[in-house]
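Heads up: the protein sequence lines correspond to chains A and B, in order.
So that you can map any letter, position 42 of the first sequence is 42 in the working numbering, and since no number is skipped, the others follow by simple counting.
So that you can map any letter, position 33 of the second sequence is 33 in the working numbering, and since no number is skipped, the others follow by simple counting.
Mixed in with the good hints there might be a few duds.
Simulated crosslink set (BS3-like; lysine-lysine; CA at most 30 Å straight-line) [claimed, not checked]:
#: 1; chain 1: A; residue 1: Lys21; chain 2: B; residue 2: Lys71
#: 2; chain 1: B; residue 1: Lys82; chain 2: A; residue 2: Lys2
#: 3; chain 1: A; residue 1: Lys2; chain 2: B; residue 2: Lys54
#: 4; chain 1: A; residue 1: Lys209; chain 2: A; residue 2: Lys132
#: 5; chain 1: A; residue 1: Lys233; chain 2: B; residue 2: Lys82
#: 6; chain 1: A; residue 1: Lys292; chain 2: A; residue 2: Lys310
#: 7; chain 1: A; residue 1: Lys29; chain 2: B; residue 2: Lys71
#: 8; chain 1: B; residue 1: Lys54; chain 2: A; residue 2: Lys26
#: 9; chain 1: B; residue 1: Lys71; chain 2: A; residue 2: Lys251
#: 10; chain 1: A; residue 1: Lys233; chain 2: B; residue 2: Lys71
#: 11; chain 1: A; residue 1: Lys257; chain 2: B; residue 2: Lys39
#: 12; chain 1: A; residue 1: Lys233; chain 2: A; residue 2: Lys21
#: 13; chain 1: A; residue 1: Lys257; chain 2: B; residue 2: Lys54
#: 14; chain 1: A; residue 1: Lys241; chain 2: B; residue 2: Lys54
#: 15; chain 1: A; residue 1: Lys251; chain 2: B; residue 2: Lys82
#: 16; chain 1: A; residue 1: Lys233; chain 2: A; residue 2: Lys257
#: 17; chain 1: B; residue 1: Lys54; chain 2: A; residue 2: Lys123
#: 18; chain 1: A; residue 1: Lys26; chain 2: B; residue 2: Lys65
#: 19; chain 1: A; residue 1: Lys285; chain 2: A; residue 2: Lys297
#: 20; chain 1: A; residue 1: Lys241; chain 2: B; residue 2: Lys65
#: 21; chain 1: A; residue 1: Lys43; chain 2: B; residue 2: Lys65
#: 22; chain 1: A; residue 1: Lys21; chain 2: B; residue 2: Lys82
#: 23; chain 1: B; residue 1: Lys71; chain 2: A; residue 2: Lys241
#: 24; chain 1: B; residue 1: Lys39; chain 2: A; residue 2: Lys2
#: 25; chain 1: B; residue 1: Lys54; chain 2: A; residue 2: Lys251
#: 26; chain 1: A; residue 1: Lys322; chain 2: A; residue 2: Lys241
#: 27; chain 1: A; residue 1: Lys233; chain 2: B; residue 2: Lys65
#: 28; chain 1: A; residue 1: Lys251; chain 2: B; residue 2: Lys65
#: 29; chain 1: A; residue 1: Lys208; chain 2: A; residue 2: Lys322
#: 30; chain 1: A; residue 1: Lys241; chain 2: A; residue 2: Lys26
#: 31; chain 1: A; residue 1: Lys29; chain 2: A; residue 2: Lys251
#: 32; chain 1: A; residue 1: Lys2; chain 2: A; residue 2: Lys26
#: 33; chain 1: A; residue 1: Lys126; chain 2: A; residue 2: Lys297
#: 34; chain 1: B; residue 1: Lys39; chain 2: A; residue 2: Lys43
#: 35; chain 1: A; residue 1: Lys126; chain 2: A; residue 2: Lys257
Simulated from the structure, these hints should not be mistaken for lab results.
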Amino acid sequence: MKYIDEYRDRETVLALAEEIKRQSTKPIKLMEVCGGHTMSIQKFGLPYLLPETVELISGPGCPVCVTSRSYIDQAIAYSRLDDVIITTYGDLIRVPGSSSSLEQERANGANIQIVYSILDALKLAKANRDKKVVFLGIGFETTAPSSAAGIIQAQMAGINNFSVYSAHKVMPPAMATLIDEGVEIDGYIGPGHVSTITGSGIYMDIPKKFGLGVVISGFEPVDLMQSVLMLVKQIENDDQKVEIQYTRVVKPEGNVKAQETLDEVFEYGDDWWRGLGVLENSGLKIRAQYDKYNTEKILDVTVEPTKEPKGCLCGEILRGVKKPKDCKLFGNVCTPSNPIGACMVSSEGSCAAYYMYNR
Amino acid sequence: MCLSIPARIEEIDGDTANCSVGTATYNASLHLISHEELKVGDYVLIHTGFAIQKLDEEEAIETLKTFEEFKSLNESLDQEEKETNQRIV
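Isolated chain B (complex conformation) (with noise of 0.2 Å):
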């Protein structure tokens, strides 16, 4: 029920957006998040109908840079346990 899908805006009307998710479109309403400072290119959530909050790119970056630190600390710590054939912790 409170799924909602990352859509990407093509086109501001007004109040509503046209938003793209893969090859699909929709016509949001910009209701919900008129407060925000919003261009073609930004990607909001869309939610029955209406986009619920804009994406924070920064934010989204960050944590994906977490996962690869994430991936590269496995990878060495493997690495480490094969060298010593030792389970580390």
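Looking at chain A on its own, in the form it has when it is part of the complex (with noise of 0.2 Å):
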């Protein structure tokens, strides 16, 4: 297929990693954010084609992962309401909170839906004019802009039973944050995709204040490698900055569009991550001329008090501190198919990833 086949060629991944060896002479670790290329490095094996002084650790970007339990409790309070309709992305649903999952919920009666886009639930509330549709909405920069679609398109065509919770977030800040608390990284591999929403401006602080470099990358393994390289001439060079390997799709400007779209919906305001804490403008909130699109505001409910699951290593994980081996339940109690944190639930989470391709 055009734009895949070519950027996974054997050939070329064998050159770069050569190129990689003859120039890498510092150990370095270098630190991949996006859940999606935790996934391609493991299912493409690429940290056995690195030499020794590279080393690559995965990072806090996986949306579920880094989602609270509180999130969770809260959707399945939600679920349980009368007449409600929880429709969300399928990454979700096996997630355990405090005491149940949204899956568990829906095995118990509740009208779960999943769904692969926001455009789904609309249609749903549309076809549904006296039941409450809720969207889930988490993700990124990548997927935020799309939420935010969801609710102009709702307002426009006058659907007034649909809700957005949203869990949505930004990137910048917790990158900022595990350099600021002395993880203890050489660069950092950018998230494709939430670049192609922001453009490369959004990293410009990491060089300036933290003297790290950022290369954006794409997903393909030649991509991963080529930017691998990059990292690795800018660490030899000392000459740290940020640079765009994946230039058939991220532009330095970002999709303005879609910025427009985003902050026409959603204001920043704090939020709190899995394995770093609240930090400061760190989510997306629904800004108050959308309220009547904004679950919390129109939906009551109680939540259980959260729980959180003894000796599960994800927060440390998603900081990169440690790897899913040093976790004690990792392949044994914990697994895929049964998930004791979220970093097994998702399938770009860690733990997930590494069970899935390098046990």
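Put the two chains together into one complex; each comes in its own frame, and the hints tell you how they fit.
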């Protein structure tokens, strides 16, 4: 398939691996922020092609993984209300809450439907005017504009039985916090599809304030190997900056239309991240003028106290200070079919990716 | 979550487009790229039912050219190493 096959070419990957070996002298740790990158890196076995000097560690870029248990608990509370249909991306359905999961609630009779797009949730609302359709909005800058577009389209079409429960987040505060907290990394493999929306400007502080390079990468093995090479070169030449490897998609200015749409509906607010705690201006909250599409403003629920699972290292793993194999639960108590923590649920969570490809 | 696939526009109908990935087809909203000039045959990235970017063919060709240069550099270095029986770098 065009734009995919050529970036999976074995010879090119091996040539890039050779070049990385030639250029790399200093031992370095590079963090891939995005869960999609984690999955690709493990799936294609890229760590085995890199020299001993280059270590890749996974970061906090799996939205399902960083979402709080209290969010799941609150979504479950909404699902127990009369006349409510919960619509969600498939990723969230199996994430354990404090005492249940959306999947379990669905088995108990709650009306919970998996959708591929917020537009499917809108259609459902249109077809079920006597129900209240709640869409669970999770995801970073890549996904949030579609939630914003969904709300705008609901308003235009006069669909009033539709709302979004937002846990949307933005990436840069998490990337800055990790360095601030002293997590030892030498450069970032920047998230390709977040940057498609935002452009490369949002990372400018990272070389300036922290002296670390960011290379915005595509998702195929050739993309990732080239990004590693670009970071290795930056570090060897002590020339840390923001570069785009994924030029066929990412523009320095990003997708301006998507940014405007996002900005029309959402504003920044503080938000809680698993492993990182509350980060200032890291969450996207629905603006007051769209209150009637904001689930939190229109539906009242009592939410059970949050209980975190004992022994789960998901938080440390998301910070890049522990690897899945360091967790005692990994692979025995906690598996993809019986996940204890969020990092094992989402297919792009570090634990799930390691379990699948690198056990 | 941020996964997105390059899809070919097969038909544009107002603010949506029928797009194909291999033999599968998707209907995608063009809401978030309504500022772009789009035509049948263009490739777009689709994420959660929305096209979020048009792919830049020129940039893609440039990147692929760089890869070709890499491969040939690698081959020539391998050849030189073989001939001189020395590791060059």
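Indices of hints not satisfied (ascending): Going through the list in order, the structure violates hints 2, 4, 6, 8, 15, 16, 32, 34 and respects the others.
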